Amino acid sequence: MAGCVGGHPKPNYVFVHDSCDWVKPIYLTDHDIDVMDRQTKKDILTHNRSWQANCQEMKN
1 MAGCVGGHPK PNYVFVHDSC DWVKPIYLTD HDIDVMDRQT KKDILTHNRS WQANCQEMKN
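Quick note on numbering: this note's numbering labels position 54 of the sequence shown as 54, and the sequence is numbered without any gaps.
Hints in this document: simulated from the structure, not taken from any laboratory.
Heads up, a few of these hints could be off.
Below, simulated SDA-like cross-link-like pairs (lysine to any residue); rule was C-alpha separation at most 20 Å, straight line [as the list claims (entries may be wrong)]:
id : residue 1 : residue 2
1  : Lys41     : Ala53
2  : Lys24     : Pro9
3  : Lys24     : Tyr13
4  : Lys41     : Pro25
5  : Lys41     : His31
6  : Lys42     : Asp21
7  : Lys24     : Thr46
8  : Lys42     : Val23
9  : Lys42     : Tyr27
10 : Lys10     : Asn54
11 : Lys42     : Glu57
12 : Lys24     : Trp51
Quick caveat: nothing in here was measured; it's all calculated off a predicted structure.
Using the sequences provided together with the hints, build the complete structure.
Here is the structure:
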């Protein structure tokens with residue numbers, strides 16, 4: 001029991017934001033836009049705007 005005093009050590013977590021390595025904007029054709037419902041178009045626009053805000057490299 002003496003070995004358990006203090007409990008287990010807490011793990012050290014490091015958060016690495018690497019989603020920009022595998023997330024890309026969604027490109028649509030004119031046909032895609034014609035056949036998709038309004039909510040799907042809004043969801044894709046939200047995704048693309050999030051990608052642009054968080055992942056697109058600033059061009060100097």
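Here is what the structure says about each hint:
1. Distance restraint check for Lys41 and Ala53: the Cα-Cα separation of roughly 18 Å lies within the 20 Å cut-off, and the hinted pair is therefore satisfied.
2. For the hint pairing Lys24 with Pro9, the CA-to-CA distance comes to about 38 Å; that exceeds 20 Å, so the pair is violated.
3. Between the alpha carbons of Lys24 and Tyr13 the distance comes to roughly 26 Å, so the proposed pair goes past 20 Å and is violated.
4. At roughly 13 Å between alpha-carbon atoms, Lys41 and Pro25 fall within 20 Å of each other, so this suggested pair holds.
5. In summary, the hint linking Lys41 to His31 is supported, as the alpha carbons are separated by about 12 Å, within the 20 Å threshold.
6. For the hint pairing Lys42 with Asp21, the CA-to-CA distance comes to about 23 Å; that exceeds 20 Å, so the pair is violated.
7. A hinted pair counts as satisfied when its Cα atoms are at most 20 Å apart, and Lys24 with Thr46 qualifies at roughly 13 Å.
8. About 18 Å separates the Cα atoms of Lys42 and Val23, which keeps this hinted pair within 20 Å; it holds.
9. Simply put, Lys42 and Tyr27 have alpha-carbon atoms about 13 Å apart, close enough for the 20 Å limit, and the pair holds.
10. Annotation: proposed proximity of Lys10 to Asn54 is violated, straight-line Cα distance about 31 Å (limit 20 Å).
11. Of the supplied pair hints, the one linking Lys42 and Glu57 is violated, its CA atoms being roughly 24 Å apart against a limit of 20 Å.
12. A hinted pair counts as satisfied when its Cα atoms are at most 20 Å apart, and Lys24 with Trp51 qualifies at roughly 7 Å.
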